[in-house]
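K.L.:
What follows is the residue order along each chain.
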Amino acid sequence: MVEGAPATAEKSLVLADLKENLTHGTVLNDKNAVAMPVAAMNALLGVVQRSSANTMMGLQDELKEASQEILDWNSREGNRSNIALASGCELFLRYSTRTFLELTDFKECRAAILERGQRFAGISLAARDKIARVGHGFIRDGQIILTHGWSRVVAALLLKAAETKHFSLYILEGRPDAAGAKAAEFYSKAGIPTTVILDSAMGYVMESVDSVLIGAEGVVENGGIVNKIGTYALSICARAHDKPVYVAAESYKFARLYPLNQKDLPPTKSVALKFIDTTQDTNAVVSVLPEIKVDQPPGDYTPAKFITLLFTDLGVLTPSAVSDELIRLYQ
Amino acid sequence: GRERLEQKAFHLCSLKKIWGRPSFDIMEGSNTDKISGGDAQKKAKKEKPANFVIPPKKPKLSKAERRALQEQQRAAKAQRQGQPTDKSSGKTQGKQQNTTSPVSNKNQEQNKTSAAPTQRSEVLAVNADGTKDPKQISVLAHLPPFRDPKDKPDELLGVQLKSSNIREQLHPEILQTGRAYATGIICHSNPRCRAMLKAMDAAIQDCVPDDSINDIKDFRHTWVNKVLKPSFQFFTEDCRPHSVGMGNAFTFLKSAIGALDRDMELPKAKALLSESIDAYLQERIDYADLAIAKHACEKIVDDDVILTFGHSEAVRAVLVEAAKAKQFRVIVCDARPLLTGKDMLLDLRQASLNCTYIYLNALSFVMKDVTKVFLGAEALMSDGSVLGLLGTACVALASQSVPVLVCSETYKISNRIQLESITNNEIGNPSHVLEGPLGDNLRVMSLTYDLTPASFVSGIITEMGILPPTSVAVLSMEMDPQQ
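Top line first, the protein sequences correspond to chains A and B. Sequence positions in the first sequence follow the working numbering and run 587 to 917. Sequence positions in the second sequence follow the working numbering and run 141 to 623.
Heads up, a few of these hints could be off.
[As the list claims (entries may be wrong)] Derived pair list, reagent style EDC-like, types lysine to aspartate or glutamate, alpha-carbon separation capped at 16 Å: (1) A:LYS849 to B:ASP444; (2) B:LYS338 to B:GLU313; (3) A:LYS849 to A:ASP881; (4) A:LYS855 to A:ASP886; (5) B:LYS466 to B:ASP483; (6) A:LYS849 to B:GLU313; (7) A:LYS597 to A:GLU694; (8) A:LYS849 to B:ASP443; (9) B:LYS508 to B:ASP443; (10) A:LYS775 to A:GLU749; (11) A:LYS829 to A:GLU793; (12) A:LYS597 to B:GLU313.
[What the hints assert, rightly or not] Partner residues are not named here, just some residues of chain A that face chain B (Cβ under 7 Å, in silico): (13) ASN808; (14) LEU843; (15) TYR844; (16) GLN848; (17) ILE862; (18) SER909; (19) ASP910.
Calculated directly from the structure, the hints in this document are not laboratory data. Using N, Cα and C, we set each Cβ at its ideal position, and we do this for glycine too.
Can you make the complete structure from the sequences, with help from the hints?
P.N.:
Here is the structure:
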């Protein structure tokens, strides 16, 4: 193919679009910030608008290239969650190119794709509010909720619940990126009584909490989830104490993966670990000999049997309903 | 009036005693009075017509006498139905066993304490000559009994030209295939389905329009009703009960014929039908196995130890395909009486795979090394349970610490749900389990299939991808929307 220069020009346009969409919502930690997959979908819409292709196949190729470019950029940036991004892009592709089966004229098709794509992106943006609406009823007055990691969906849900109910939160500190500690500040400012605990204290507190509420980086085909490391242990602990585990996730996070065990996940970059003894006043860093292997997978896989319900923009689903939805979405 | 009430109550009481429910005393009439409404009954009595004849009161029998009378009536009925005609012997025998054994069974057991305490034999099936069959097992009484092909050799071979009985006009290929089914030469879901479709194709190709039938001019109707349905009935009733895959394929065949144009010329219609049959076999079985292999290969990694049970075309396709790119070893588990694992072992060795061969009793010994389990299926139920050859459920149960993947083509999806292995099964050859003459007190239970509950299965690999067992129903709706 001859288009060396136009291709790279197009690629940089896509990335520019993506970055612009991402920074739309100010600070990344803010609950109103745009999620990465939604920003990617908007960028792909830009591709459709600018496209000079005359056939469906041509347009699909352009979209695939653009998605791949976005995914590569994401892994270059060192961001963790590739699953939701990949699944969001693929779903967008499927959703918009299904139009081709209905309309035969390409120009009409393209207009319809644009319209559908915008609708899909809009749905995804509104997903958080819908999830908050369907899910906040599962939190009742006087309950203690345990959560893990920072998730904007969970934040939206908890804030909505806090409008009408009094409850308190336990948050795991979330090593190594202290996500929990950062989230605690946010919730505390919003007026919810929050306690931050050590990751290893999840067993200790489990008897006092009423339910566990977590987000997901990706929802896999059998209804399990991929999330920040520690989620698997948390859900096993909750199951052992008969506490419900609720997952809040948008439907574009439904991925066509079927992991059989932890090793079956797509490979991710290991994150560096630092060991600090905080019981000592000096807070000295405990150094580790180079021969000692320090393995830090950033995410783990929680099987469906440990999850009670999923709050999604398609409604409240049981884990087995995820596959049914996926079959319908990818048909 | 009172007599009818008495009779009803007696019937109910005896039924309740048989099924072990606590019996409450209806004879006093209190409950039924309340149910029907005391006033209404009194009104009914008053409005009796003038010529209403009240039959003489029957003598009140004691419990033992009533039981004896019932047993007498049952024996008489059994005697009457125990002399069937030659052709329908199998059918009535089957029906006879179904209707009389469960009830007479339990009754007899209660009778024996009062009647003949020395005789422990249960009243069971009745043979053609009226003698009772002591070899049948009560819990399997609802299943058609095993038909040994050696018993009635001419039934499977007889063809009579110009016979009025449609069953005697079967195509020789149908007869041949049927015989192969009955003697076990063709077994397992995929080969049986292929053989059935090929035989029916041959039968249709040779079908000549019968001008003597003056009413129906629709060749499709003739094909389905005069050729296909009798053949299928022959397979199922005289040779061997059909598998789920065969049933689905037969439904497809009927709809394929229905889709033909009524006014099409016969040679063209036959060619078209033949093409459809070949396409079905190719797409739903051969290509499906290739697609299953492609999906499953992603789940096999180097240094895996894969356990499999018996012979399955889909699993074989998976392992042979994966062997091209990955290094792993296979443990083939096998079980009597069919020992289908031997064929699997040969096939895998031809693909140069590193194999171990064990019997089912060595399973717990090797389980610590196993990393994944791949099982074949005879049918998939709508709730995700898997019907497999006897022993599959055992392997799935023992492997709960590792992923258990079931490989099955979608044409085997049934729209039934089965709760356990006994409601719908096939009684196999008893001599496979235990040879030689058995004493009066020894019976042999030989089953063919067992059911693996959906919760034991980690995932089902079909040509559409890997899905959780709970999604089988959705998949069957997507694949065959007209069913």
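K.L.:
Look at each hint and say if it fits the structure.
P.N.:
Here is how each hint holds up against the structure:
Only pairs whose Cα atoms come within 16 Å are accepted, and LYS849 (chain A) paired with ASP444 (chain B) is accepted, the gap being roughly 12 Å. With a C-alpha separation of about 9 Å, the suggested pair LYS338 (chain B) and GLU313 (chain B) falls inside the 16 Å cut-off, and the hint holds. Proximity of LYS849 (chain A) to ASP881 (chain A) is assessed by CA-CA distance (about 13 Å); at most 16 Å being required, the pair is judged to hold. Between LYS855 (chain A) and ASP886 (chain A), the direct Cα distance comes to roughly 13 Å. Compliance with the 16 Å bound is thereby established for this hinted pair.
A distance of roughly 22 Å separates the Cα atoms of LYS466 (chain B) and ASP483 (chain B); the hinted pair therefore is violated under the 16 Å criterion. Of the pairs offered as hints, the one joining LYS849 (chain A) and GLU313 (chain B) is violated, with about 52 Å between alpha carbons and a cut-off of 16 Å exceeded. For a cut-off of 16 Å, the pair hint linking LYS597 (chain A) to GLU694 (chain A) is broken: about 26 Å separates their Cα positions. For the proposed pair LYS849 (chain A) and ASP443 (chain B), the alpha carbon gap of about 13 Å is at most 16 Å, so the pair holds.
Using a Cα cut-off of 16 Å, the hinted pair LYS508 (chain B) and ASP443 (chain B) holds, with the two alpha carbons roughly 14 Å apart. Using a Cα cut-off of 16 Å, the hinted pair LYS775 (chain A) and GLU749 (chain A) holds, with the two alpha carbons roughly 14 Å apart. Our distance criterion of 16 Å between C-alpha atoms is met by LYS829 (chain A) and GLU793 (chain A), whose separation comes to about 9 Å. Between LYS597 (chain A) and GLU313 (chain B), the direct Cα distance comes to roughly 64 Å. Violation of the 16 Å bound is thereby established for this hinted pair.
Evaluation of the ASN808 (chain A) hint against chain B yields a held restraint, the C-beta minimum of about 4 Å falling below 7 Å. Interface hint at LEU843 (chain A): violated, since its Cβ lies 9 Å from the closest Cβ of chain B, which is beyond the 7 Å cut-off. With 7 Å as the threshold, the beta carbon of TYR844 (chain A) comes within range of chain B, its nearest partner Cβ sitting at about 4 Å, so the hint holds. Contact between GLN848 (chain A) and chain B, as hinted, is not supported at the beta carbon level, the nearest pair being about 12 Å apart and thus beyond 7 Å.
Because the smallest distance between the Cβ of ILE862 (chain A) and any Cβ of chain B comes to about 36 Å, over 7 Å, the interface hint for this residue is violated. At its closest, the beta carbon of SER909 (chain A) sits 4 Å from a beta carbon of chain B; the interface hint therefore holds under the 7 Å criterion. With a least beta-carbon distance of about 5 Å to chain B, the hint placing ASP910 (chain A) at the interface is held under the 7 Å criterion.
When held up to the earlier numbered hints, the structure conflicts with 5, 6, 7, 12, 14, 16, 17 and fits the remainder.
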